[in-house]
Structure formats: structure tokens, C-alpha cells
Amino acid sequence: MIEVSHVTKQFEGKTVLKDISTIFPDGKTNLIIGRSGAGKTVLLKTIVGLLRPTEGDVLYDGRSFVNMDKYELAMMRREMGMIFQSAALFDSLSVIENVMFPLDMFSDFTYARREKRAMECLSRVNLADAAHLRPDEISGGMQKRVAIARAIALEPRYLFCDEPNSGLDPQTSLVIDELISGITHDLNITTIINTHDMNSVLGIGEHILFISDGHNEWEGTKHEVMDSGNHTLDDFIFASDLLKKLHEDALRP
Amino acid sequence: MFVFSFLESFGKYLQLMGRTFRRPDSWRMFFKQYLREMAQLGVDSIPIVLLISFFIGAVICIQIKLNIQSAWMPHWVSGYVTREIMLLEFSSSIMCLILSGKVGSNIASEIGTMRTSQQIDALDVMGVNSANYLILPKIAGLVTMIPILVIFSTACGILGAYATAWIGRIITASDLTAGMQHDFVSWFFWMGIIKSLFFAFIIASVSSFFGYTVNGGSISVGKASTNAVVSSSMLILFSDLFLTNLLS
Chain P
1 MIEVSHVTKQ FEGKTVLKDI STIFPDGKTN LIIGRSGAGK TVLLKTIVGL
51 LRPTEGDVLY DGRSFVNMDK YELAMMRREM GMIFQSAALF DSLSVIENVM
101 FPLDMFSDFT YARREKRAME CLSRVNLADA AHLRPDEISG GMQKRVAIAR
151 AIALEPRYLF CDEPNSGLDP QTSLVIDELI SGITHDLNIT TIINTHDMNS
201 VLGIGEHILF ISDGHNEWEG TKHEVMDSGN HTLDDFIFAS DLLKKLHEDA
251 LRP
Chain D
1001 MFVFSFLESF GKYLQLMGRT FRRPDSWRMF FKQYLREMAQ LGVDSIPIVL
1051 LISFFIGAVI CIQIKLNIQS AWMPHWVSGY VTREIMLLEF SSSIMCLILS
1101 GKVGSNIASE IGTMRTSQQI DALDVMGVNS ANYLILPKIA GLVTMIPILV
1151 IFSTACGILG AYATAWIGRI ITASDLTAGM QHDFVSWFFW MGIIKSLFFA
1201 FIIASVSSFF GYTVNGGSIS VGKASTNAVV SSSMLILFSD LFLTNLLS
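As you go down the protein sequences, you meet chains P and D in turn. Anchor point for the first sequence: position 69 equals 69 in the working numbering, and the numbering is continuous, going up by one each time. Anchor point for the second sequence: position 157 equals 1157 in the working numbering, and the numbering is continuous, going up by one each time.
Hints are computed from structural coordinates only; laboratory data are not their basis. Values in this document were obtained by computation on a predicted structure and should not be read as measured data. Heads up, a few of these hints could be off.
No farther apart than 16 Å at their CA atoms in a straight line, the calculated lysine to aspartate or glutamate pairs in the EDC-like style are these [as the list claims (entries may be wrong)]:
{"#": "1", "chain 1": "D", "residue 1": "1032", "chain 2": "P", "residue 2": "104"}
{"#": "2", "chain 1": "D", "residue 1": "1032", "chain 2": "P", "residue 2": "206"}
{"#": "3", "chain 1": "P", "residue 1": "70", "chain 2": "P", "residue 2": "91"}
{"#": "4", "chain 1": "P", "residue 1": "70", "chain 2": "D", "residue 2": "1044"}
{"#": "5", "chain 1": "P", "residue 1": "70", "chain 2": "D", "residue 2": "1025"}
{"#": "6", "chain 1": "P", "residue 1": "45", "chain 2": "D", "residue 2": "1124"}
{"#": "7", "chain 1": "P", "residue 1": "70", "chain 2": "P", "residue 2": "55"}
{"#": "8", "chain 1": "P", "residue 1": "45", "chain 2": "D", "residue 2": "1121"}
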């Protein structure tokens, strides 16, 4: 469980996050949604410690992330996996070397065991055949799947995804969503996904945090999101003509 | 304003070096990277070093023979001056200036691209000391390889000088050999090596700093690459002045 407690973040006097508090429970796919510039990425970066909150704290199973010393922080980070918007694969390494990287860095396993574990992770994302290709030889969707395999290599307790469907077609997005959701349930980890993809919201959003203008505007589940009664959320969700029409049709007697 | 900006950058550089010179998270990965950097920064630079040194050695010999040497000068002057220039300045300082262009821009653009494509963020989130993982092997690799490049450069420059005797017939090989052997001070060789170690550190650390602190997209990476080359060249020139005074 990750608890965000009264987090405020300012950049040169401009307040980007305003007193955000929420709890992301274990074993669920938690989504942070909101318009571009609403503060989603800043919140995610603050949660993973790439940015330090101006005020407030982030608690990982009760452990204060902000007040950890360097050693505790390093240990804590080994329990985290992250999938970046750009996949962020190391382009000097092959696919399997990318997945083996966290194992090479932090495990005492033999090479054979590290390679076996990397192949298991690649098989989990259906990419065992691409193990020896380089990142620039595979598609964007495959790169995201490699990033997922790398993120789970050390069996993390917390998984973070920054717009994992960005730049992908709807079908591939669905595959990525199902993979992340499946991994979350199989490993019973805390997953936080930063997205503005409505398919993800309606497909895997077990706990949704809607951010608007830097503050916590609404929280709920995918079953509640369509009928929240929150105008700002409705404006965000029904921005698409298709969803607007479907919603109007559903409301029509 | 410029002074404040310089001091701010220098402070950030020192902080980055503080993070760089730590115990590696994994020695296995450090040595893997170290070997890779020795190959990429050192071995891959050998052809350009050999090529430039050969021609500069030949040109120095020709210039001295045709434009400086006269009847009242000893016959060994061309060989002597060629050796001294190669040992004292070209193979260490000028060669490092050339390498700051090739290696410095390579380092800055590689690390800068890693920054813009979030690869450095990925390392940080994993708990890897990204500065240590990326920069320390580059500094260690270049500092290890630079004495070899200096030796290759000196040898190739002398070979270039001999080419003017064997191929161009501008000077006799015996005159050249007499000059090469005249009043040899072995300290000059070590002086070149010592200076080059400092220059290698400057090239690798300054270029890494500019790459690591990139903020933005491809334009910023290009700018960082240019700044890396300009700054490391300037620092090499200043430190050459200082080191030559200190070591002579």
C-alpha cells in the first residue's frame, strides 16, 4: 500500500500539486488520470522519488519515503519497478541484457540463473523470441513489453507506469493493459498507472484518482467513473465524441 | 552574472563528481562498462591518433628542415626539434585537444541522449547510482587508455618524420636519428604522460557533466555536446599552461 499524504509540489513559486492525499491499495491497478498539464507526471515522479515534495510525505507500507536515508532509499528502490512513457530501454544492450540489467546489478545469482529469470520475464510478456534483438529492432509495443519484463525482473512490490499506452494503437494498448493488470493480480503488488487513455480507465481502473489543476478532484472505480456527477471529470471523460454519444444513448429513456 | 553562473556550474560539477566517485553498486557491471569504455573511447581513437600524429610528425620535420635549418645549425636539429615537440606538446596536449572533440562530443551526446530518453531516470528509479554507473567507467577507461595513445602518437609522429627521409628524401635518416638521440631527457616522456592523465580526466568528467545535466530535447543534446568540447578544450589549454610550469 502506498499512501500519499498532503503532498504539495512547487517549481519556482508555481504550485503544481496542491495538498494531494490518497491511498493506493495492494493488488489493485491504481490509475492517476487527468488532462495534460494537470500534474499527473509530477505526482508519479514525486511518488517514485525522482522529485522531492515541497510539503507532505509518501508512505510505502507505512515507511516514510521522504525521510529515508540514502541506504534505506537504495534498498527501497530495489522493491520498485517502473515503466516509462518512452520505455527507456538501454539502447546499448540487447533485449535480454535489458531485462537482466537489474539482476546483474543487484543479485548474486549465477549467469545461468539470471538468464533463466530474464527468459521467464520475457516469456511472461510473450517476447522470448526477441531476446537477442536490440531495442531499435523491435516495435514500440514490444519495447513497452520489454520494459514491463525489466520492471518485474526483481519481483518488485511496487510497479509504476508512466503513460504505458502512449503512442500505441488501441489493440496493442489493450495487450499492455492486460499484462500490467495480470502481473498486478498475480504478484499482489501495488501498481500505479499514469494515463489519459479512457480504454485503460474503463478496462483496468480498479482505483482511479482524477487530478485537475494539481489537486485531488475525484476518486473512485471504473464502475463509478461514468456517473460520478463531477462536472470536471465528465468534461475530461466525455471529451471524445464517441464516449459522449454512448453516454447520451445510455441516459436516453 | 557570468561569475555566478560559472560558480553555480562548478558547484554542480563538484556535486556530480561526488556522486561519481563512490563504490560501484556492482563491481561486475563496473568492470564490464570499464572494458567497454576502454574500447569505445581508447581503442576506437587509435586510428585518428595514428593518422594525425604521422602527418604532424612529417610536417614538423619538413618545416624545420626547409624553413629553420641553415648552414650554421647542426645537422641533427630537425630530428631533435621533431622529437621534442612530439614528446612535450603534440602527443599529450594537442592530441588531447583533438580527442576532446572526438571523445568529448561522443560522451556528452551519449549521456545527454540517455537523459532525454529517460534512461537515466530508469537507472535512478532502480536504485542505481546513475552518475557512478555511467561516468566512473568513462573516466577510468579514458585515463587508462590515454598513456597508450600518447605512446602511439609519439611513435607514429617519429615514424612520420622518418617517412620524410625514406620517401621524401628531404633529410637523411642518419641526421634524423642523430637528432632523435641527441640529449634525450626521459623526464619529458613522463611529463607528457602525466599531463595527458589530467587532460583525460578533464575530457571525460567535463563532457559527462554537460551530458548528464542536459535538460530538454535534441537541441539541448547538441548544445551540450558543443559546450563539452569548448569547455574541455579551454580547460586543457589552461591546465597545460599550469602543468607545464609545474612539471618543467
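We went through each hint and held it up to the structure:
1. With a C-alpha separation of about 11 Å, the suggested pairing of residue 1032 (chain D) with residue 104 (chain P) holds against the 16 Å cut-off.
2. At roughly 43 Å between alpha-carbon atoms, residue 1032 (chain D) and residue 206 (chain P) are farther apart than 16 Å, so this suggested pair is violated.
3. A threshold of 16 Å between alpha carbons decides the hint, and for residue 70 (chain P) with residue 91 (chain P) the separation of about 28 Å lies outside it, so the pair is violated.
4. For the given pair, residue 70 (chain P) sits about 37 Å from residue 1044 (chain D) by alpha-carbon distance, which is inconsistent with the 16 Å threshold.
5. With a C-alpha separation of about 13 Å, the suggested pair residue 70 (chain P) and residue 1025 (chain D) falls inside the 16 Å cut-off, and the hint holds.
6. As the CA atoms of residue 45 (chain P) and residue 1124 (chain D) are separated by approximately 11 Å, the hinted pair is consistent with the 16 Å bound.
7. Proposed proximity of residue 70 (chain P) and residue 55 (chain P) is contradicted: the alpha carbons are some 20 Å apart, above 16 Å.
8. A distance of roughly 10 Å separates the Cα atoms of residue 45 (chain P) and residue 1121 (chain D); the hinted pair therefore holds under the 16 Å criterion.
Hint violations for this structure: numbers 2, 3, 4, 7, all remaining hints satisfied.
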